[in-house]
Every structure is written in C-alpha cells, then in structure tokens.
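S.K.: One letter stands for each residue in the lines below.
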Amino acid sequence: MNVPKNMQRKPQILITGAAGATAQRVIERLRETCDLVAVDARIQVPLGDDIPSYCIDFNHRSFEDLFRRYQFDGVIHLGRIRSSQLTRLRRYNANVLGTQKLLDLSHKYGIQRIVVLSTFHVYGAMAYNPALIDESAPMKSAGLSADLIDSVELENLANLYLWRFPELNITILRPCNIVGPSVQNTMGRLLASHRAPVLAGFSPMMQFMHIDDMADAIVLAYNKSVRGIFNVASDDWVAYQRALELSGCTRIPVPSIPPVLPRLILRTLRLQSFPAYLMEFFKYPVVIDGQTFAKEFGFQPKRPLKEIFRFYRDNKRPL
Amino acid sequence: MSLASFLKSRLIPAKLEEQINRIRKPIGSLGYDPWGFNNETFKYGFSLTKPIYEKYFRTEAHGVDHMPADGPVLIVGNHSGQLPIDGILVGYALASREKNPRIPRAMIERFFPTVPWLGNLLNEVGAALGDPLNCARMLANNEAIIVFPEGVRGSGKLYRDRYKLQRFGNGFMHLAMKYNAAIVPIGIVGCEETIPAIANIKPLAKALGVPYAPVAMPVILPAKVHLNFGPPMYFEGGDISEEQVNERVEQVKAEINRLIDKGLAERKGLF
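Protein chains in written order, with the working numbering: chain A, 21 to 339; chain B, 4 to 274.
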C-alpha cells in the first residue's frame, strides 16, 4: 500500500484530538509548512478549507480509509481522552484500544514519525516521590486510581510499539500541568475559577506549562526525529496553594485527615475540577525533570509562571 | 500597609533579609525550588530560630568556618533529642555565619510528608524527603546537606545511651564519593539533654505510625548546646568494596566521636 513519497511535497500529518486546545495550537503552527488532516473522536472541528477535518472513532473501520486516502508521513497523537471525560469503559476503548488501532495502522501504512502526548500523571502522586523525577522512573499504575489506569495503559502501548517498531520513530511526551487560555483540563478549570478547593495542610509543589509553550514543544519534537520518552517541564516550581493565590482564587480548604474523609467528601461532591481520583496529586508532589527534552530538542519555555497566573487573575469573568 | 507586610517588617529586620538574600540558591522565579524550599518562608524560620539559638539554647558553634564556601557538602553529625532540634541549630549556625553563609538542606523521615502543615512547612525551610535520589540531585546542584546517618536510631535513643553513636548507614559515604562531596563532621553536645527519654513505647509508636513514642517530660529543656565542626574530609570515588566503605564510615564516626568529646570537655554544666 505504500506509495513512494514525493520529496517536493509538504509533509502530510495526521493530528488526533483536533478539538482540544493543544491540538488547535499545534495546527496553527504547522498549517503553513505541512499538509494537515485533523481528526477527533468527539466532534468535527471546522478548520478551514485547507485542512480536512473528520469526526471518527479510531476503532471504526472507516478510520483506515483516512490512511488509504492520504499519504501520511507522520502522526501527532493528542487525542487522549482525559479522566474527567466519558466513562471508564469508553475511555479505555478510546485511549487504549483506539491508540492501538492508530499505531497498527501507522505501522501498516509506513508512517515514519509519531508523537504521542501522555501526561505526568503516569508517575503517580505519592508521599515518597523524590523531586525531579526523570524518564527512567517507574510508572506507578498500582498506586493510581482506576480512573487514571488508561493513561498508563496508553503509554505502555506506545512504549511497546516504540521498541518493537523503531521505524515508527515514536516520541512520547509526558508534560506537566498544561494551562493557559481555553484550556479546559482540571488544572485549567481550577485556576480559572473564583474559588478552588485545597486539601487542608497540603500544598504540593507543581509545575505548569503554558499551552503555547507546549504546542511549541510538540512541534519541536515532531520536527526532530529522535525517538524515546521525554518529560516536558520548565525549570520553575510553585506550591499549589501559592499558584491559586497568584491566580486570584479563594482557597476552600477540604479536611484532609484521616485520608478517607476527603475521599468521601470529593466522591460525594463529584466536582469536575477537583475529582477524587486526582486527590493524591493535590496532596503530594510529582515534580518532573524536563532537562533531557530541553537539551535534546533545544526547548526553552517562553511564558513565565507569573505571566500564566496573571492571565488567570485578569480573566476570571470571560472564562 | 497590609498585615503580611507589617508582620514581615516586625519579624524580619532588613539586615537579616539581606543576609538571606545574599546566599546563592538555585530557586525559580517565584522563590521555590523543586523540593519546596521557599525563600520567604525561610526568612521567617531564620528569624524565629534566632532567639531559640541564641537565647534558649545559648548555642556555641566552633569551627563553623571549616564549612567550604561552595560546592557539594555533606554535614554529618550525631543525632539526638527526639525532635530534630540539632538539625535546626546546625542549619542556623551555617546560614548565620558572617563569611560565606550557606543554607544547608536537611533530609527528613519519610513519615513527615504525610503530616498536614508540618510536612509543607519543613519543605519550605529547606528540608526534603530523605531519599537517596533527592540527596544525589541536591549534591549535583552543589548544595550542602545535613545528614544524620544514625537516623531514628540516634534521635530516638534513650537518655542512658546519650552520646553513644549508633550504627551509621553507609549511604552518605557512597553519595559523597560519587559526587566528590566534602564531608564536614560535626559533634553536637547538649541536644541529648533537651528531651531526655527514659523509655520508648513501641506498640504505641506502631499504632500511631510514628518512628518512636518516648516517655519523657512534655517540655524541651534549655540545655546549653555546643556545636563543634571538624575540618572537611574528602574521600576519592572509585569502585571499592563495601568493606572499604565501612572503614571510611568508621573514620568519619571516629572524627565525630572526637568532636563530641571535645564538646563534652568544653561544657561546664548541662544548662
């Protein structure tokens, strides 16, 4: 099925998770230099005449038609369904089985470059975590709640293909908290809100990356064919409660001991921005070391923490 | 003037603030480092420790200039007194020295991060989880780290065992050799008498999930503390057997014993 690739044409890239804020920014950066095809399992995103956009479930047979129709050179897989979305089973289908399908098709159609966006959550939040966790640290699926397991499974799959099919040139990125305008993940929602819950007496160290910096990192990663696993984080740190303070949020303490109490409270409240399964991440730090990525890809985040928090402080209403 | 800035102006004199600000620290744009150290909180901690160091324990520090001005250092001493008062006093002695002050870091028990407020507070004043990876990263960052190789064996020992060094772990020596860190030995005299314990209720400690549950008076006695810093010791790296590492650890232990004896000879009374 492989068609010899014309060296003159622009590289053709499949971008998954096109409805997400990160994907939108990656598309902005690549649309001039690459022929893009956008796909999202949730909605069809209008991206103009030059970028075909599809709403397809990866597990659906018609997904392969995209690979037949376009001669993809690379895939940027940003379509991980977050733990706050869908049910566990549907997330497993989308994140794990869907990713497997994507990787299988990539192998079948001779894709030469794949970037997979994972998350720092795979390291797990534990009281015994050392700071500056590097990529060789084990993932802690056993310590994670069932709602985060699919993230680890997705990574395991990508890892398997990374070593089994080196020609796919898979790069897995594990970013810290991605925040900034239009980011709708847990941390983005918390910083954007007027009042944010905290676990009384716990303010773990956190790292934040502006969504524009993250998009730059993904583009850098795509453009340099170095396979492997890389943390993406800046050399700057802040305690969670201080971050809320700087973002103009009023902190609402949730009783933290005994540990069963906050879990019970959060499960009862079912807050989307402070879910029970992420409770440990608001208690213990997961500080990752992004130096390897920074050196290998020449990455330097441009938006400082103060700028990120100032944005949230100044934009409480519009969000 | 806000309440916070009023309190700051009362608690942190300009001279003290200047003293802390001139110490080189690998911190980010908001004053934090990856382990949670916070420059502003440290200033409060430093300010509150001053009367405790000078007035309550009337601490006398000798040989504080043995501490190298920069580069990775492990400050290795005897641990005693149920609470980590010894670590706080050693930290203050080094941060307050006139020439080349340094903010040493401390490795703390794995139990502390699980305690609300206290865990974060300890992190903010420079303590970090006692994990070899943390220690290694800090040495690579050219930091000075206070290490008590006796661990809870030292701090939890009873009054009748005072000034008897317990078994040392070898981890600090491996790290010192790997990162070419200087070992500054220190003999701490006086902390044994701050909270003298006559017994340890092990079942209670187990039930509470704490390292030990001492039977002691619920007060911290104002014993006079003597800190004796020794000259830095350097150990070359290389692939050596654990037996040779043990010998090196014994050398450090012997030097600490000498410094403890010096402190005991110097003191004229317990208080």
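I should point out that these hints are in silico values taken from the structure, not numbers from a laboratory. Bear in mind the structure is a predicted one, so any value in this text is a computation, not a measurement. Errors might be hidden in some of the hints.
To be verified - Within a straight-line C-alpha distance of at most 20 Å, the following computed DMTMM-like cross-link-like pairs (lysine to aspartate or glutamate) qualify:
id, chain 1, residue 1, chain 2, residue 2
1, B, LYS205, B, ASP134
2, B, LYS28, A, ASP256
3, A, LYS326, B, ASP134
4, A, LYS160, B, ASP134
5, B, LYS28, A, GLU316
Unchecked claim - Label pairs and their in silico Cβ distance ranges:
id, chain 1, residue 1, chain 2, residue 2, range
6, B, TRP120, A, ARG108, 56 to 62 Å
7, A, ARG184, B, LEU136, 26 to 32 Å
8, A, ARG108, B, TYR166, 43 to 49 Å
We put the beta carbon where it would ideally sit given N, CA and C, even for glycine.
S.K.: Against each hint, give a clear statement of whether it holds in the structure.
M.R.: Consistency of the hints with the structure:
1. The suggested pairing of LYS205(B) with ASP134(B) is violated, with an alpha-carbon distance near 25 Å, which exceeds 20 Å.
2. Between LYS28(B) and ASP256(A) the CA atoms are separated by roughly 13 Å; this keeps the pair inside 20 Å, and the hint holds.
3. Restraint check: the Cα-Cα separation between LYS326(A) and ASP134(B) comes to about 31 Å, which exceeds 20 Å; the hinted pair is violated.
4. For the hint linking LYS160(A) to ASP134(B), the alpha-carbon distance of about 17 Å falls within 20 Å, and the restraint holds.
5. Between LYS28(B) and GLU316(A) the CA atoms are separated by roughly 26 Å; this puts the pair beyond 20 Å, and the hint is violated.
6. The supplied range of 56 to 62 Å is broken by TRP120(B) and ARG108(A), whose beta-carbon atoms lie about 34 Å from each other.
7. Between ARG184(A) and LEU136(B) the Cβ separation comes to about 30 Å, which falls inside the hinted range of 26 to 32 Å.
8. For ARG108(A) paired with TYR166(B), a C-beta distance near 59 Å fails the hint of 43 to 49 Å.
Of the numbered hints listed earlier, those contradicted by the structure are 1, 3, 5, 6 and 8.
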